[in-house]
Amino acid sequence: MDFNLPPENDPRRLEIRAFFEANPRPTGRQLAERGYTVPHWPRPWGLGADPELQLIIDEEFDRAGLQAPARLNPVALNNCAQSLLSHGTDAQRERLLPPALAMEEKWCMLFSEPSAGSDLGALRLTARREDDHYVVRGQKIWTSLAHKAQIGVLVARTNTNVPKHAGLSQFLIDMSSPGINVRPIIDMSGNENEYNEVFFDDVKVPADRLLGKEGDGWALTLAQLQTERVALSKAGAIWGTGPSARDLVSELIASGGIDDPLIRDEVAKLYIEGEILRLLAYRTLSDRMNAKPAGPEAAVRKMVAAPHGQRIVDLAKRVQGMSGLITGNGAFEPTNGGRHMFDDWDYAFWFNPAVTLGVGTQEVLKNIISERVLGLPREADPTAKTPWAELQKSKLKTAV
Amino acid sequence: MNFALSEDHELLRDSARGFLDKEIDLAPLLVPGATVKDARYEANWLKMAELGWAGLVIPEEFGGSGMTLIDLTMVVNEVGRTLAPSPMLGVLGGTWALLKGGSDEQKAGVLSRVAAGELKLALAVADSNGNADGPGSDAKASVGSKGHVINGSKSFVIDAAAAGMLVVTAETNGAREWFLVDAEQNGVQVETLAWRDVTRQVCTVHFRDAAAERLEADNATIWPWVRDRILLVLAAESAAGLQQTLTSSVDYAKERVAFGKPIGAFQSIKHVLAGMFGASECANTAVLFAAWALTENDPKASISTAIAKAYCTEAYVTATNQNIQIFGAIGFTWEMKNHLYFKRARANAEMFGSPARQRERVIDILRQKAA
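Line order of the protein sequences matches chains A and B.
Read in this note's numbering, the first sequence has 329 at position 329, and its numbers run on one by one without any break.
Read in this note's numbering, the second sequence has 368 at position 368, and its numbers run on one by one without any break.
Just chain B, same shape as in the assembly:
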């Protein structure tokens, strides 16, 4: 038993922190009407890829560095702390789906290009009702003269407009199957949504007789494995964003003076911040355990990601609201960063299953164990 980070983990975290503190500038987003593209969304990714982040979770045989999910968490924490705009989440989702479900040929052909930073992926699994767990009938696959084709749409696809290839779920004879789709073909149209969280790119993808290559593995093999990893990423982003929210709240409470003293001297403020600190401690611990459990393939891996996603994203939502209350009206303006965190928190809570949905999963798992 040892909960401390290793020196390697600390090194990875510190180098990610140093890089992002230098490179990430959210100022362009503090102008109404700006989108994620104005905050060097693509350029940031090129630099991240130079550092090897595009291939962090890709095994060495496919050109990546084959790092563990604990390693990845070190990087994702820093990305979440800085809200670094980039297509990282889309690439990770597509990569994991292909790793779990693709043939060796598919992996070799696609993942080496992803690891090299030449190709970006996105994961298209949700329907217009937001459900990412399936069955998912907005898109349907059928067998055409030259293989599979997909018709219909996928919703809330993160980083789709940036992606060269999509991993798509579509219904075939009532079953949910997985496909690799070239995003550049005529049958694929990407519509970028006016997404409230302007630090992220979120799209709807329309398919009209789009050529698709089926992945080998079935949905039951791919989805739980991929979902748990995405939930970990969202939880890690959220826990780190929460910690940053705490830091900015505390700094402001020390600085802002009212009635002759810093507002942080008032218990009404202090006690909110103490509570936020408690939530932050809990969130960080939940994330580290989930990262460890997934890395070790521990029996608690799946429940621990549901726990982390539910707790961290909900605590993040609460904290970002408290943060604006502590700043007062200035924190409510577009020119401050507070709303970027508020919106990221709100979006992370909904993505890939709300906290309430994760709690249902927790109880489902416990009921199965009890039965």
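Bound conformation, chain A alone:
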């Protein structure tokens, strides 16, 4: 057992640091050419990096004052594009990966629908095969980045004669296709929109943009969500991308707020939980280095990390008292010099309710853990085994 992190003079670290010193403002293409945008992928795309090298690269991006690539183009770099390595065609990889890895084309995930969130397998959007293309009709919702993305990863129902999960397929679609209409959702934070509704009005998608085979959609989707949960389980607000308990303690020490014993005890609890969550994140890396398969730890970490992040910004808001109710008035200066909207303490607070909804609601995560880790009885889904088309006729329709 060895909890030492890679040291300051690790040669791998020094090499990356030298590159950033020579290229203080690298382009996405430069980063992609060096394999720095997806270091954990195999060559030629990445570096075949073990988790430790990946950790070093993350730290060196941070030290250089650069945003992590996975944060700039998260859907491609972290969640979904990796599926092309195993399930994509050569043509798909050649067309889609270089601009994605260079962050020249942003991606979005077209998964949730108005009546299919936690029960994603009940989605209704259809893709109907016609000659050399599919015709897509339906609606998606809660799509981050849809208004900025060039490529969408779409889960659609391609077969209505099989049970709900079996009839799904994934497509890599051009967001500029005729018939796609993106509408912003202004959420309760009132800020620039994070999420969108996306409408598909008989959108033609070339058949060669099907990822894998028809019916692979559910397996691909589960794997991508698992990866997303690992990424979004760091110790801090807004899935670990916002202010952390370390930030809050430092601010409260600097401002003297720590002198209040009630605040002190509360922030100490958060600090303790935050430090443990950091260790859990390293443990995940360590497990991967030991070739231990990724288990349901993603769900566990997110279950602990999401409310942890909520409590951090909640305490910061309460410390402000009345003045915290003034729009835009954060408890402290934004973290990281305010490079991203999520670094803002005020925004983070009003975004809070979403953190236990997005990327798996707290309730769904607890079901996953209790069923798949603890072996408790599965939740019965009366719609799971009936062909989709029959469901639409039957009384069970109300359940979907």
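Each hint should be verified, as a subset may be incorrect.
[Stated by the list, open to error] Estimated spans, in silico, between C-beta atoms of each pair: (1) B:Q368 <-> A:A64: 28 to 34 Å; (2) A:I263 <-> B:Q325: 27 to 33 Å; (3) B:E10 <-> A:S144: 39 to 45 Å; (4) B:E10 <-> A:S176: 34 to 40 Å; (5) A:E8 <-> B:P135: 38 to 44 Å; (6) B:G109 <-> A:D58: 52 to 58 Å; (7) A:N290 <-> B:A108: 41 to 47 Å; (8) B:A220 <-> A:A254: 27 to 33 Å; (9) A:E8 <-> B:G328: 51 to 57 Å; (10) B:A371 <-> A:I263: 14 to 20 Å; (11) A:D10 <-> B:E191: 56 to 62 Å; (12) A:E15 <-> B:G130: 52 to 58 Å; (13) B:F259 <-> A:L262: 38 to 44 Å; (14) B:A329 <-> A:I263: 37 to 43 Å.
[To be verified] Under the rule of at most 16 Å between Cα atoms (straight-line distance), these lysine to aspartate or glutamate pairs were calculated in the EDC-like manner: (15) B:K300 <-> A:D2; (16) B:K254 <-> A:E371; (17) B:K369 <-> A:E251; (18) B:K261 <-> A:E371; (19) B:K261 <-> A:E333.
For the record, the hints were derived by calculation from the structure and aren't laboratory data.
Glycine is no exception: its CB is placed at the ideal position from the N, C-alpha and C atoms.
Let chain A serve as the given structure and place chain B on it in line with the hints.
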């Protein structure tokens, strides 16, 4: 970076587990009025000593096996999981105090007998207000005609009645000093408390002109070093007890049927258990890091023991209460083991500084760093 246990650690854990599963029987405690002595408290220790557990942390030069705190954690986890009654905690506390503060002569004379299982120690540091950090004025030391003598009392002394020698803190001219005291002399009287956690022996010790041998080192050298190790032990016991609590809760939820299905099929139960699993993962990780940090003398060693003690004991308290709720009323009876874990959790939380007290320490350390 590698968080996995080595093969040696796994071997140590598995052998401790095998031994305790075979030897430990809590059934005698499931009778009202029973005390820890009814659960082979002394006999268990003799067997543990045969396995070398009495000298786990004693260096080889003094007859022990000189194992690391990661090694020790493997054993303590299993002790905590089974609530194995024995004077292990008292012996560990006394051993560490002597290791850090004693002269070579004191160490050679006492520790080899401890390692051999011939002598048991206990650590008497707390006052009647429960404060173990000092200054501690319930006991006072003075210089008599034949050396130091101690008068007064020490409270909440774990395993004192079993111990042949005590390591005692007493006030001398306003300072807290450390002494080695023969527990068998007339000036030492041990009163065993009616302690709620019946898996442990906890006592008050009264001193009347008790002869005492002063340890060489001062309080600032001894106490933080000893305290961090005791906090690790309490955290490790608690994390493992929490994991056992989770296991028994899950097993019961699968077995007990109500409204035509196992109660573990209801989300109100499932979600509590998922939360308990999350707490258990956090607790185990906190303990392993603290054990590693202490073993490596890492700069984070002290804060990591405060973190582990605060988190693990508090999570243990929560889980043992949830466990009784999941069992329902049967879990509230004396004849079930649930209350033994509930009481151990409650006691571990208070011992050597409550979770709230540990959190104060965490903030103190962070403030010093920021200054």
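Structure-inconsistent hints, enumerated in ascending order: When the structure is compared with the hints, numbers 4 and 19 turn out to be violated.
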